[in-house]
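J.: These protein sequence lines map, in sequence, to chains A and B. Counting in this note's numbering, the first sequence runs from 1 upward without gaps. Counting in this note's numbering, the second sequence runs from 1001 upward without gaps.
Treat the hints with caution; some may be incorrect.
As the list claims (entries may be wrong) - Which stretches of chain B does chain A cover? Using the computed rule of at least three CB atoms under 8 angstroms from a CB of chain A, they are: (1) 1101–1114; (2) 1125–1131; (3) 1195–1202.
Stated by the list, open to error - Pairwise CB distance ranges, derived in the manner of DEER restraints: (4) B:D1171 x A:S183: 45 to 53 angstroms; (5) B:K1188 x A:G187: 20 to 28 angstroms; (6) A:L284 x B:D1244: 54 to 62 angstroms; (7) A:L284 x B:R1195: 43 to 51 angstroms; (8) B:G1169 x A:R287: 37 to 45 angstroms; (9) B:L1121 x A:R40: 58 to 66 angstroms; (10) B:D1086 x A:F91: 56 to 64 angstroms; (11) A:F91 x B:P1184: 43 to 51 angstroms; (12) A:V84 x B:A1089: 51 to 59 angstroms; (13) A:G157 x B:E1127: 56 to 64 angstroms.
What the hints assert, rightly or not - Mimicking DSS-like on lysine-lysine, the simulated pairs with C-alpha atoms at most 30 angstroms apart in a straight line are: (14) A:K213 x B:K1125; (15) B:K1122 x B:K1087; (16) B:K1122 x A:K213.
Quick caveat, the hints were computed from the structure, so don't treat them as lab data. What you are looking at is a predicted structure, and each value in this text was computed from that prediction instead of being measured. The C-beta atom is built at its ideal place from N, Cα and C for all residues, glycine as well.
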Amino acid sequence: MSGPVTKGTDLPVLLPAAHKLAATAAAERLTGPVPRPTLRLGLLLFAIFVFSIGLAHAQAVPDEAETPLDALWRWMPVLLEGFVFNIAISFIAMMMGTVVGTLLGLGQISLMPAVRGSSWFVTQFFRNAPWLVLLFLVMLLVPFEFRFGNTVIPFPGWIKATIGLALPVMANVSEIVRGAINSVPSGQWESSESLAFSRRQTIFSIILPQCYKRMIPPWMNLYAILTMATVLASIVGVDEMMTQTRRALAAEGGATQLLVPFYSFVLICFFVYCYPIARLTIRLERRFAVKL
Amino acid sequence: MAPDTAVTSWTPDQPIVKITDLHKSFGEFEVLSGIDMSVMKGDVVCIIGPSGSGKSTLLRCVNALVDIQKGSILVEGQEINTPGLDKLALRRKVGMVFQQYNLFPHKTALQNVMMAPVMVLKQDKAEVEDRARKLLAKVRLVGKEDAYPGELSGGQQQRVAIARSLAMGPDLMLFDEVTAALDPETVKEVLVTIRELAEDNMTCMLVTHEMGFAREVGDHVYFTDQGRIIEHGPPSDFFTSAKDPRTREFLSQIL
Ligand SMILES: Nc1ncnc2c1ncn2[C@@H]1O[C@H](COP(=O)(O)OP(=O)(O)OP(=O)(O)O)[C@@H](O)[C@H]1O
Ligand SMILES: [Mg+2]
């Protein structure tokens, strides 16, 4: 969003903004990313939060001793515990999705038509399915425990939810892997083939090492999206942050003045966690764009 | 598919490459329509011709990068147009260098040269490294062993690519317009390297637009147009007394 802006626009109205952008870009080239946008956004969010508290104050019954902020403070450990659960689900789902998705992505470039076709189908199927529906299906279809003879492996709801979220991640990772492999110039395949490398050696020693850089930004982006999607697990009854928030509000007797502060707090938690990931993704994208 | 090709013992006095009535199509489109050619050991064969005449495709057929529809290619007596071909065995004998260098960008010059002998031929790493350093010295790249391709000039990259192919110890080298992407100054340094290879008696098949090089170093020149060989002969005859009007026109444009 830097250089081309000044050249790209010939609308006079846009010129001041374009100059500003160009100046910011120039400054970033010298000193690295300017922290200001982050700060500004953070402040904005904080302002919304403060405003919502104020609003709650105004709505509150005057002689009630506890302010909404006090209530939030009291419930915070429970809410944060729920948030940690969200993060845990996101980690595990990402790991599972990445491992299986990578295999699926490699399956998509297999020379065996059956493997290629089925990998393609599975990828497309789970990539074009609503996440919530997948979540429901896994909850319904996977039993709550597996029995192998005498050993019983329990499958609590949160593990099922994690599997449900790992499915779309898997499909997206599969596409990321396939796309990155396809973006390697065909000359790399030709030269390693003409050096008598086998296909397996070509993929693992020549092609994939060149893909990691291209794969990391979209992969991180996917992780951020997954993290935000973990709240869907509340719909299927997992004790994550959304569920805990709803419970807390219910325990407070459904006081309406608490709704906005509590949900704002949830938003802030996700923002604080996801925004740095988004920034880092953009930075990596830029760095790799220059190098490749 | 290839009936009369049961040549089991090849001797160096027979052609190292013998191409007979080679046809190659991409879908409906026939790119090569009946090529005959034979290359003796130690020969330097230059292939010239207009863009799209199938020169690159011809070279790619020789190391089985593309498959053939009809005809025969014998490399050291072994038929290439056969379903059970051991492509990897063939490619160990046939090196290829490309116009765009195609070095592995994530490996240093030295690693580029060492990779195939270590991974494909399973040779001893220390011994390969020793040989790789000598090869890099031979193509005049002492001091660049640890440089990544991105840090090298086009000419330097192309010489690494040549060293990388030579490290496999090939009997035959294919060069596909290896100087076409270089600026005139660096063309020379790559041509010198190929000339030295030729003097060491390496068999070379080159697609090139460097007529001076073809004239001085080539043993035989082939002119191709629209998938056929129009005319061929030793450079002394070829460049002075070309008979076919298409050859003459091409030469008058390029010389
Ligand atoms: N993989 C492919 N699929 C389809 N058509 C191809 C393919 N490779 C080459 N061709 C076609 O075959 C013809 C010959 O291509 P080739 O690259 O062999 O020509 P060339 O003589 O090397 O040309 P140049 O001097 O431009 O490199 C061209 O018309 C090209 O479009
Ligand atoms: Mg070509």
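J.: Are the hints correct? Go through all of them and say.
T.: Consistency of the hints with the structure:
Only residues whose C-beta sits within less than 8 angstroms of a C-beta in chain A count toward coverage, and the region 1101–1114 of chain B has 5 of them, enough to reach three; the restraint holds. Only residues whose C-beta sits within less than 8 angstroms of a C-beta in chain A count toward coverage, and the region 1125–1131 of chain B has 0 of them, not enough to reach three; the restraint is violated. Counting residues of the region 1195–1202 of chain B whose CB lies closer than 8 angstroms to any CB of chain A gives 0, so the stated coverage by that chain is violated, three being the minimum. Taking 45 to 53 angstroms as the suggested C-beta distance range, the pair D1171 of chain B and S183 of chain A does not conform, at roughly 35 angstroms.
In this structure the hint that K1188 of chain B and G187 of chain A lie 20 to 28 angstroms apart at CB holds, the actual value being about 24 angstroms. Separation of L284 of chain A from D1244 of chain B is about 58 angstroms and conforms to the stated range, judged on CB atoms against 54 to 62 angstroms. As the Cβ distance of L284 of chain A to R1195 of chain B is approximately 46 angstroms, the hint placing it in 43 to 51 angstroms holds. Separated by about 40 angstroms at the C-beta atoms, G1169 of chain B and R287 of chain A satisfy the suggested range of 37 to 45 angstroms.
Taken as a hint, the range 58 to 66 angstroms holds for the pair L1121 of chain B and R40 of chain A, whose Cβ atoms sit roughly 60 angstroms apart. Evaluation of the 56 to 64 angstroms hint for D1086 of chain B and F91 of chain A yields a failure: the beta carbon distance comes to about 47 angstroms. Evaluation of the 43 to 51 angstroms hint for F91 of chain A and P1184 of chain B yields a failure: the beta carbon distance comes to about 57 angstroms. Checking the proposed 51 to 59 angstroms range against V84 of chain A and A1089 of chain B shows it holds: the Cβ atoms sit about 58 angstroms from each other.
The hinted window of 56 to 64 angstroms between G157 of chain A and E1127 of chain B holds, with their beta carbons roughly 60 angstroms apart. In summary, the hint linking K213 of chain A to K1125 of chain B is supported, as the alpha carbons are separated by about 28 angstroms, within the 30 angstroms threshold. For the hint pairing K1122 of chain B with K1087 of chain B, the CA-to-CA distance comes to about 17 angstroms; that is within 30 angstroms, so the pair holds. Among the hinted pairs, K1122 of chain B with K213 of chain A is consistent with the structure: their alpha-carbon atoms are about 29 angstroms apart, no more than 30 angstroms.
In terms of the numbered hints stated before, the structure departs from hints 2, 3, 4, 10 and 11, listed from lowest to highest.
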